[in-house]
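Residue strings, one per chain:
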Amino acid sequence: MRDRNLKIASYLLAVVGLGCAVYLTYTKIASGGQCLVSGCSVVQTSRWSEFLGLPVTAFGVAGYVAILGLLTLRGETARLLLVVVSGVGFLFSMYMMYRAYITLDAFCPFCTGSAAAMTLLFLISVARFVLGPDRPPSGPVGFDADEEDVAIA
Amino acid sequence: MLRMSGAKKKQEAAREARLEREAAERAARERSKRLKLLGGAGVAIVAVVALVLALGLFRGDATENLASQDVTVDGQKVEVKGADETAALYNGIPQTGETLGNPDAPATIIEIADLKCPACQMHAVDTHPEVVKQLVRTGKANLKVRLVNFRDAAAGTTDGEAARNAAHNLVAQNAFFPFVNMVFNNQGDESETWATDRKLKAIAAGTPGLGQDKLNTADTDESKKLTESAEKLATALNVQGTPSVYVQARGTNEYTHVPNFNSVEDIASAVEEASKNAKATR
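As they're listed, the protein sequences go chains B and P. Just so you know, we're using our numbering here: the first sequence kicks off at 1 and counts up by one. Just so you know, we're using our numbering here: the second sequence kicks off at 154 and counts up by one.
Treat the hints loosely; a few may be bogus.
A few chain B residues that face chain P, going by a derived Cβ cut-off under 8 Å, partial list only [as the list claims (entries may be wrong)]:
{"id": "1", "residue": "Ser41"}
{"id": "2", "residue": "Val42"}
{"id": "3", "residue": "Val83"}
Derived contacts from chain B toward chain P, CB cut-off under 10 Å, selection only [unchecked claim]:
{"id": "4", "residue": "Gly19"}
{"id": "5", "residue": "Val37"}
{"id": "6", "residue": "Gly39"}
{"id": "7", "residue": "Phe90"}
{"id": "8", "residue": "Leu91"}
{"id": "9", "residue": "Thr103"}
{"id": "10", "residue": "Asp105"}
{"id": "11", "residue": "Ala106"}
{"id": "12", "residue": "Val126"}
{"id": "13", "residue": "Phe129"}
No lab work stands behind these hints, which were simulated from the structure alone. Quick reminder that beta carbons are idealized off the backbone N, C-alpha and C, glycines included.
Isolated chain B (complex conformation) (with noise of 0.2 Å):
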């Protein structure tokens, strides 16, 4: 149970973070960055806002739906890649945000918001990966509830 509560908690945080970096990338390609918020377009004005040629929060956005694609498979492999990508995601959240408050002095609540979602799936990722999948009392090792479910149904 703990195993699943843990990725229902990602899947959430991801459709959150999705949320804000799509509507960051929208923002920026269809007005230049203009956003709701002045510090929000402060930033998206910037030079950080534009890696290799691109919006940087349309890596964002991938990031996130590479995230829900390997929340929805199963097996060592998959948890071992979303502690990487999130890992990723989240060093390179850093970096933004310490551009956004240090560097530009703006606060960007949408940004900010993808870097608390982009964190919080880090540490999850990282727990759901050490303590491995859910087990009955007497099950082996390595037993996933997820197999179970797809077994009982």
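Use these hints to put chain P onto chain B, whose structure you have.
Using the frame of chain B, we list chain P on its own:
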């Protein structure tokens, strides 16, 4: 029978103990494997992010496309950037002390900036030229740059003050704007002491119409007056960060804040609005 049953129980207990031990060993191996994998993942994560940041794949550095030239300071060659762009930017625009452009323009754009702030550099290189071109050169507004010094205190440095003094001491010579623009074009890392005497001399040497002999980083009466005036205005406007852009209608004390200081459109809209409220010139 009783003896056999006792032996069986003993065997059963030994089997259970072995199974438990094997399960514990398996779990320990599993945990150790996971932790090793996690360590590897951590290294991979740090490597990927470090590589991405080291490659500097963000939108180009604000000053990377500026032309550079060598100037000689104390017998050594020093590279300075942006002299040609600065000359072209202000060419033919009147400078009256702290004011760039027509002093009677219906609106005044006020940029509150810090010579050591990287966001101010971005604004100076990316947005300021367009503001000058579209709004100052056309006479729609004039422009004042008021220098504050927030970064020195935050970074524990003092060179920002020397740079600000040097800029303020050039106001009387109507050379304030090109020097300030050149300081931004050649800005160093905000957390380091880069505005040294040598660097400021090089910037002055590269500034169109100036020369290193005109550089004065001393805290003079003139610089004190301008510093106090800039800080008083920043306090009155409750400026929380730099750059901050305001627009003032001619003959009024009303300041309109332009939150997105990087948007020339927003600044132009504020100028248009302020122009409607401008008082007649005397």
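Against the structure, the hints:
The interface hint given for B/Ser41 holds, since its Cβ lies 4 Å from the closest Cβ of chain P, which is under the 8 Å cut-off. Using the Cβ-Cβ criterion of 8 Å, the hint placing B/Val42 at the interface with chain P is satisfied: the shortest such distance is roughly 6 Å. Taking 8 Å as the C-beta cut-off, the interface hint given for B/Val83 holds, the closest approach to chain P being about 5 Å. This hint is violated: B/Gly19 has a C-beta 23 Å from the nearest C-beta of chain P, more than the 10 Å allowed.
Residue-level restraint check for B/Val37 holds (minimum Cβ-Cβ distance to chain P is 9 Å; threshold 10 Å). Of the supplied interface hints, the one on B/Gly39 holds, with its beta-carbon coming within about 8 Å of a beta-carbon of chain P, less than 10 Å. At a threshold of 10 Å, the smallest CB-CB gap from B/Phe90 to chain P is about 8 Å, leaving the interface hint in force. For B/Leu91, the interface hint holds, the least distance from its beta-carbon to any beta-carbon of chain P being 4 Å, beneath 10 Å.
The closest approach between the C-beta of B/Thr103 and any C-beta of chain P is roughly 5 Å, which is under the 10 Å cut-off, so the hint is satisfied. The restraint placing B/Asp105 at the interface with chain P holds, with a minimum CB-CB distance near 3 Å, inside the 10 Å limit. At its closest, the beta carbon of B/Ala106 sits 7 Å from a beta carbon of chain P; the interface hint therefore holds under the 10 Å criterion. Interface hint at B/Val126: satisfied, since its Cβ lies 7 Å from the closest Cβ of chain P, which is below the 10 Å cut-off.
Interface restraint check for B/Phe129: the shortest CB-CB distance to chain P comes to about 6 Å, inside 10 Å, so the restraint holds.
Figure legend: structure checked against the earlier numbered hints; the only hint not met is number 4.
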